[in-house]
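Number of protein chains: 2
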Amino acid sequence: MAEKYFSRRNIDFLLNEVFEVNSLTRFPYYADHNDLTFKMTLDTAQKIADNMMYPVFKEMDRQAPVWEDGKVKVHPAVKEFMKEQGKGGWINVDKPYEVGGQQLPSIIKLMAGLIFSAANYSLSVYTALTMGAANLIFTFGTQEMKDQYLPGMYSGEWQGTMALTEPDVGSSLGDLTTQAEDTGKGYYLIKGKKIFISAGNSDAVDNVIHMMLARIKGAPAGVKGISLFIVPENRYREDGGLEYNDVACGGIEHKMGYRGSPICQLSMGEEGDCRGWLIGEAGKGLAHMFTMMNEERLNVGMGATGKVTAAYYASLEYARQRLQGRRLMEKDPNTRMVPIIEHPDIKRLLLFQRAVAEGSLSLLAQLFMYDELAKFGDEKEKYELLLDFLVPIAKTYPSEMGILTCSAAIQILGGYGYCGDFPVEQYYRDIRIDPIHEGTTGIQGMDMLGRKVVMKQGKAFNLFIEEVSQTIDQALIYDELSGMAKQLQENLERLKVVAGSLLEWAMQGKTEEFMADSVLFLEFIGIIAIAWQWLKQAVVCCDKLKNMPADSNINFYMGKIYTARYFFEYELSKTVSLAVRLTSKYKLTAEMPASCFEE
Amino acid sequence: MAEKYFSRRNIDFLLNEVFEVNSLTRFPYYADHNDLTFKMTLDTAQKIADNMMYPVFKEMDRQAPVWEDGKVKVHPAVKEFMKEQGKGGWINVDKPYEVGGQQLPSIIKLMAGLIFSAANYSLSVYTALTMGAANLIFTFGTQEMKDQYLPGMYSGEWQGTMALTEPDVGSSLGDLTTQAEDTGKGYYLIKGKKIFISAGNSDAVDNVIHMMLARIKGAPAGVKGISLFIVPENRYREDGGLEYNDVACGGIEHKMGYRGSPICQLSMGEEGDCRGWLIGEAGKGLAHMFTMMNEERLNVGMGATGKVTAAYYASLEYARQRLQGRRLMEKDPNTRMVPIIEHPDIKRLLLFQRAVAEGSLSLLAQLFMYDELAKFGDEKEKYELLLDFLVPIAKTYPSEMGILTCSAAIQILGGYGYCGDFPVEQYYRDIRIDPIHEGTTGIQGMDMLGRKVVMKQGKAFNLFIEEVSQTIDQALIYDELSGMAKQLQENLERLKVVAGSLLEWAMQGKTEEFMADSVLFLEFIGIIAIAWQWLKQAVVCCDKLKNMPADSNINFYMGKIYTARYFFEYELSKTVSLAVRLTSKYKLTAEMPASCFEE
Numbered sequence: 263m264a265e266k267y268f269s270r271r272n273i274d275f276l277l278n279e280v281f282e283v284n285s286l287t288r289f290p291y292y293a294d295h296n297d298l299t300f301k302m303t304l305d306t307a308q309k310i311a312d313n314m315m316y317p318v319f320k321e322m323d324r325q326a327p328v329w330e331d332g333k334v335k336v337h338p339a340v341k342e343f344m345k346e347q348g349k350g351g352w353i354n355v356d357k358p359y360e361v362g363g364q365q366l367p368s369i370i371k372l373m374a375g376l377i378f379s380a381a382n383y384s385l386s387v388y389t390a391l392t393m394g395a396a397n398l399i400f401t402f403g404t405q406e407m408k409d410q411y412l413p414g415m416y417s418g419e420w421q422g423t424m425a426l427t428e429p430d431v432g433s434s435l436g437d438l439t440t441q442a443e444d445t446g447k448g449y450y451l452i453k454g455k456k457i458f459i460s461a462g463n464s465d466a467v468d469n470v471i472h473m474m475l476a477r478i479k480g481a482p483a484g485v486k487g488i489s490l491f492i493v494p495e496n497r498y499r500e501d502g503g504l505e506y507n508d509v510a511c512g513g514i515e516h517k518m519g520y521r522g523s524p525i526c527q528l529s530m531g532e533e534g535d536c537r538g539w540l541i542g543e544a545g546k547g548l549a550h551m552f553t554m555m556n557e558e559r560l561n562v563g564m565g566a567t568g569k570v571t572a573a574y575y576a577s578l579e580y581a582r583q584r585l586q587g588r589r590l591m592e593k594d595p596n597t598r599m600v601p602i603i604e605h606p607d608i609k610r611l612l613l614f615q616r617a618v619a620e621g622s623l624s625l626l627a628q629l630f631m632y633d634e635l636a637k638f639g640d641e642k643e644k645y646e647l648l649l650d651f652l653v654p655i656a657k658t659y660p661s662e663m664g665i666l667t668c669s670a671a672i673q674i675l676g677g678y679g680y681c682g683d684f685p686v687e688q689y690y691r692d693i694r695i696d697p698i699h700e701g702t703t704g705i706q707g708m709d710m711l712g713r714k715v716v717m718k719q720g721k722a723f724n725l726f727i728e729e730v731s732q733t734i735d736q737a738l739i740y741d742e743l744s745g746m747a748k749q750l751q752e753n754l755e756r757l758k759v760v761a762g763s764l765l766e767w768a769m770q771g772k773t774e775e776f777m778a779d780s781v782l783f784l785e786f787i788g789i790i791a792i793a794w795q796w797l798k799q800a801v802v803c804c805d806k807l808k809n810m811p812a813d814s815n816i817n818f819y820m821g822k823i824y825t826a827r828y829f830f831e832y833e834l835s836k837t838v839s840l841a842v843r844l845t846s847k848y849k850l851t852a853e854m855p856a857s858c859f860e861e
Numbered sequence: 263m264a265e266k267y268f269s270r271r272n273i274d275f276l277l278n279e280v281f282e283v284n285s286l287t288r289f290p291y292y293a294d295h296n297d298l299t300f301k302m303t304l305d306t307a308q309k310i311a312d313n314m315m316y317p318v319f320k321e322m323d324r325q326a327p328v329w330e331d332g333k334v335k336v337h338p339a340v341k342e343f344m345k346e347q348g349k350g351g352w353i354n355v356d357k358p359y360e361v362g363g364q365q366l367p368s369i370i371k372l373m374a375g376l377i378f379s380a381a382n383y384s385l386s387v388y389t390a391l392t393m394g395a396a397n398l399i400f401t402f403g404t405q406e407m408k409d410q411y412l413p414g415m416y417s418g419e420w421q422g423t424m425a426l427t428e429p430d431v432g433s434s435l436g437d438l439t440t441q442a443e444d445t446g447k448g449y450y451l452i453k454g455k456k457i458f459i460s461a462g463n464s465d466a467v468d469n470v471i472h473m474m475l476a477r478i479k480g481a482p483a484g485v486k487g488i489s490l491f492i493v494p495e496n497r498y499r500e501d502g503g504l505e506y507n508d509v510a511c512g513g514i515e516h517k518m519g520y521r522g523s524p525i526c527q528l529s530m531g532e533e534g535d536c537r538g539w540l541i542g543e544a545g546k547g548l549a550h551m552f553t554m555m556n557e558e559r560l561n562v563g564m565g566a567t568g569k570v571t572a573a574y575y576a577s578l579e580y581a582r583q584r585l586q587g588r589r590l591m592e593k594d595p596n597t598r599m600v601p602i603i604e605h606p607d608i609k610r611l612l613l614f615q616r617a618v619a620e621g622s623l624s625l626l627a628q629l630f631m632y633d634e635l636a637k638f639g640d641e642k643e644k645y646e647l648l649l650d651f652l653v654p655i656a657k658t659y660p661s662e663m664g665i666l667t668c669s670a671a672i673q674i675l676g677g678y679g680y681c682g683d684f685p686v687e688q689y690y691r692d693i694r695i696d697p698i699h700e701g702t703t704g705i706q707g708m709d710m711l712g713r714k715v716v717m718k719q720g721k722a723f724n725l726f727i728e729e730v731s732q733t734i735d736q737a738l739i740y741d742e743l744s745g746m747a748k749q750l751q752e753n754l755e756r757l758k759v760v761a762g763s764l765l766e767w768a769m770q771g772k773t774e775e776f777m778a779d780s781v782l783f784l785e786f787i788g789i790i791a792i793a794w795q796w797l798k799q800a801v802v803c804c805d806k807l808k809n810m811p812a813d814s815n816i817n818f819y820m821g822k823i824y825t826a827r828y829f830f831e832y833e834l835s836k837t838v839s840l841a842v843r844l845t846s847k848y849k850l851t852a853e854m855p856a857s858c859f860e861e
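Protein chains in written order, with our numbering: chain A, 263 to 861; chain B, 263 to 861.
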């Protein structure tokens, strides 16, 4: 049996007790579903993870993909996994029955994804990317495109990618140079280079479908000139067979972690015959891509949460087994050593990890519930705004904090944590990609402060505050939670003060000063968002404890409340210092000339 | 020429302008030295680092040591480097002329060590360990021991180690079980196992001298039963030749980073004839070892500072070269992209690294100056106390913050930072060992709060406050620094309040509550200590700027002042939140039962 790397109990708690996923079956789209179908889906996910994914977690790191003669050889488990996922209907699990989907709520897909990424993040990425790419075709493609590409992608025989980054263009997508020339024959000739393309080439699949951003010849500079294309590695011939489409893989990167998945360099049109098919509207490529991008950003948040979770359980297990030292009151060296979980500093390191893992998962679940309400409920705009507003937090909080929590997992294991015999050093290496891919933390900070806070005259910002306030009101009912409720209320006031202080710069037209610390603002509001989720969970636990659950559940609910308290005592308190910095009128980094880094 | 990985300008600034190392030549021990000998020493260190160390920095990571047939094969550069260091007199550089030393101040040794560890930390460790081990023999050994072991160690032909950790004993050293049985023939028979022994076996040297802790048969349990032994891998025969001493290397660990140096498992006495020689007093082994331990802890701080420095310069260089995006005020996509160093968020990430690198080095220099004053000055006790007090900070601050600064270096490089073509991912992996070895951060926190703050009725604590206050007084003279001076003054008050609040628990006998957040207390006081060093540097810079230096120096001094301001705005402000937590009366981690981690 695999070691424990996630908690089904916690998943069930969030689904059934906090977010009441069953309520979604009131929507006709989910009418065929119930507790049992949800449970069976997650049981199956767990089996796949236990049997196919976790057992090759370390091996895929040790045997990283190899590039040979233009082709990338990946671990054999990838092909097996992709096929299994295709066969099991996982890649289109939330799609309508008409396209072979199972019409499952995306929050169930989230929880399955959490299990997969906790088991083996590198492996989980192959299908997650395919899902995102297929969803773009599903959303913006013509019927012909859907017929041509979706079956291969949904069956796991074809890989999907997002191909944005170029050698000179990463964060500044508006400057990309890959060119598309209209041939008048229904397709474009593509010429250019892309780098850092996850799963951009692999011998695990028969074809790779790149969702690629390029600039149509003659299009204006900047983002307005960018269009979205389907650029398959192998294209259809007239006779329905496949032929090579002049998409060459020129190599892969040697990465610190996340080594089970190849990051490819691609070169299109070296032989002058790389064909791409415009999807969606010309010039709206970036906007279209953001359908996939938001999904992939949530996937990054989910993947980071998975790694945080797995590292937490690895270090928890160690802390229970490892004997070292004695309680501080014990002065007799002849007494037996205690498990290190008895030491307060170890409990702190465990609580930190658990608070980030379960707080982040709760926030992600919240977003996916908003997504359902935006799709099927009555207040579409409200829930779309809330979802949009929270994406940068759900992407960044687990990614950035995960660096620290995986570091805490290593610290619990001490020297062993630094060595390959235990899995935690790999989580630490693997998670470092998350603050980079699908938009760096710097980009997320700019998105949060420069777009999300101000969009629709602050409507999303105010909706967020309303949502948090509702939870505060619920918590105030419980004596044991009123202190935390008040602390969160103070933080909402603090948030308004900080945002107001920053917006003054914007109103004076001082954009650099306004945005200089946007990453810190994202950290600040992220802490508040996670505190909100912890208070929400604590309310449920207090309620359950009142109704006296079976003994076995008391530890779970009490553990949750202690973790919530940990978060308020140790993490939420950080907002005080962040507010000091964010309201400072000295915008050092905007003022300092770059020459002062010279000597 | 090697890329830039440290700043000689900054080293010279600290030595000559801040700490006035030249003043040490007033002590007779250093009478032969002057600016020129110091300069020549560092010129030589720089050459060694440029020519022998930095060029194999990556290669030693890729070609990690291999264990075969009981022997560890290390990179061939190790042997060459050890010999060069021996020949150049580096291993006994601060020792008296009588033992072949050069009587150089330890602060010069520090700066050379910084250059070495910035160039190639794994390689630098071999000699640093030998220095520490040799120093133990120099301090506590008999003349015979000195004659037997020091020449081989000083020449770089023999390796020195510290052998403390055992499979079941890491932080809790009092529980170690390696046994020493008195034979009555002048030596003890040693039996036991040690793990995680850095450079514990290697084909780069002819012999390895382990400074080993063991328990003499019949000795009491706990630390009082521990003695220190010299346990050579090969011992002297009667005829003066060497023979194998039954110290077997059973394997090495596969580590995430710091891969150029092997971490060995050792087994003593498998054949019943491993001999150890008692050094110093029986039962005082741990106290003796702490002579070396303090040195090694400062070495860890220095090594971490070296890696932080090298990562900073790698990311600075990239930030200057890499074009991406435009200033936020620029809306025309046809304009040229700017180097990313122009973006405030990148400046923030650079300033963070620089503040930690140069602040930590300044603190280390301060400690080494205290060391000189303790050895040769009139107020021995005062400077010994200050040195002792600050060791946990000097070890931990660069180690823990270095995780974050090396992460910031990666972030500046984005996807490239995650890949092996650039060096920053290696710094990130390499530095993760530093909060673990030579006493984890948890151990340092307990040392700080449980020993250092309270020792001699708070005498060291008060001396520290006096030292900081002196700097504050000097800064108040300058208008541009008075704001920072006041902020630091407030922080001294905050420190007293926090310490007082914690000590209340101690006085009530509630040891676990007192110590529960000792790691956070260490973080808190560490930030204040680094702020002090930045204010001290800023005072010097203000003074220099008043006297109008050559144009080329203005950027250096201005850059220093901006970095000091960065530290006060972004880092020192963190103490507000830490104080909130540290003065909280809710000691969650002491209260929470471990069972609440169950489900």
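Possibly wrong hints are sitting among the right ones.
Identical copies look the same in the list; a pair holds intra-copy or inter-copy alike.
[What the hints assert, rightly or not] Quick list of in silico lysine-lysine cross-link-like pairs, DSBU-like style, CA-CA up to 30 Å:
hint, residue 1, residue 2
1, K637, K546
2, K772, K320
3, K266, K718
4, K772, K836
5, K642, K320
6, K593, K847
7, K849, K836
8, K266, K806
9, K479, K642
10, K479, K371
11, K341, K772
12, K758, K718
13, K349, K748
14, K266, K341
15, K266, K847
16, K758, K593
17, K593, K721
18, K593, K772
19, K806, K847
20, K479, K772
21, K836, K748
22, K806, K371
23, K301, K721
24, K408, K806
25, K335, K320
26, K357, K341
Treat the hints as calculated values from the structure; they're not laboratory data.
These are the hints, each one checked on the structure:
1. For the homomeric pair K637 and K546, the shortest alpha-carbon distance inside one copy (22 Å) is at most 30 Å, but the shortest distance between copies (72 Å) is not.
2. Taking the shortest alpha-carbon separations for K772 and K320, neither the intra-copy value of 49 Å nor the inter-copy value of 44 Å comes in at or below 30 Å.
3. For a Cα distance limit of 30 Å, the shortest separation of K266 from K718 qualifies neither inside one copy, at 45 Å, nor across copies, at 48 Å.
4. For a Cα distance limit of 30 Å, the shortest separation of K772 from K836 qualifies both inside one copy, at 27 Å, and across copies, at 26 Å.
5. When the C-alpha separation of K642 and K320 is checked against a cutoff of 30 Å, the pair qualifies neither within a copy, at 43 Å, nor between copies, at 54 Å.
6. In this assembly of identical chains, the alpha carbons of K593 and K847 lie at most 30 Å apart only when taken from different copies (25 Å versus 52 Å within one copy).
7. Taking the shortest alpha-carbon separations for K849 and K836, both the intra-copy value of 20 Å and the inter-copy value of 17 Å come in at or below 30 Å.
8. In this homomeric assembly, K266 and K806 come within 30 Å of each other (Cα to Cα) only inside a single copy, at 26 Å, whereas the closest approach across copies is 60 Å.
9. For the homomeric pair K479 and K642, neither the shortest alpha-carbon distance inside one copy (38 Å) nor that between copies (77 Å) is at most 30 Å.
10. Taking CA atoms no more than 30 Å apart as the test, K479 paired with K371 passes in neither setting, with 40 Å inside one copy and 62 Å between copies.
11. Taking the closest pair of Cα atoms, K341 and K772 never come within 30 Å of each other, the shortest separation being 52 Å inside a single copy and 58 Å across copies.
12. Within a single copy, K758 and K718 get their C-alpha atoms as close as 17 Å, which meets the 30 Å cut-off; across copies the closest is 48 Å, which misses it.
13. In this homomeric assembly, K349 and K748 never come within 30 Å of each other (Cα to Cα): the closest approach is 50 Å inside a single copy and 67 Å across copies.
14. With identical chains, the CA atoms of K266 and K341 are at most 30 Å apart within one copy only, with a shortest distance of 25 Å there and 44 Å across copies.
15. Proximity of K266 and K847 under a CA criterion of 30 Å is satisfied in neither setting, with 48 Å inside one chain copy and 35 Å between copies.
16. With identical chains, the CA atoms of K758 and K593 are at most 30 Å apart between copies only, with a shortest distance of 29 Å across copies and 51 Å within one.
17. Taking the shortest Cα distances, K593 and K721 sit within 30 Å of each other only across copies (25 Å), while inside one copy they are farther apart (60 Å).
18. Taking identical chains as interchangeable, the C-alpha atoms of K593 and K772 lie at most 30 Å apart only when they sit on different chains, with a minimum of 14 Å there against 61 Å within one chain.
19. For the homomeric pair K806 and K847, the shortest alpha-carbon distance between copies (27 Å) is at most 30 Å, but the shortest distance inside one copy (47 Å) is not.
20. In the homo-oligomer, the alpha carbons of K479 and K772 never lie at most 30 Å apart, since the shortest distance is 36 Å inside one protomer and 74 Å across protomers.
21. For the identical chains of this complex, K836 and K748 are neighbours both inside a copy (16 Å) and across copies (22 Å), given an alpha-carbon limit of 30 Å.
22. In this homomeric assembly, K806 and K371 come within 30 Å of each other (Cα to Cα) only inside a single copy, at 27 Å, whereas the closest approach across copies is 63 Å.
23. Proximity of K301 to K721 under the C-alpha cut-off of 30 Å is found in neither arrangement, the shortest distances being 37 Å within a copy and 63 Å between copies.
24. In this homomeric assembly, K408 and K806 never come within 30 Å of each other (Cα to Cα): the closest approach is 47 Å inside a single copy and 70 Å across copies.
25. Proximity of K335 and K320 under a CA criterion of 30 Å is satisfied in both settings, with 17 Å inside one chain copy and 25 Å between copies.
26. Proximity of K357 to K341 under the C-alpha cut-off of 30 Å is restricted to the intra-copy arrangement: shortest distance 23 Å within a copy versus 63 Å between copies.
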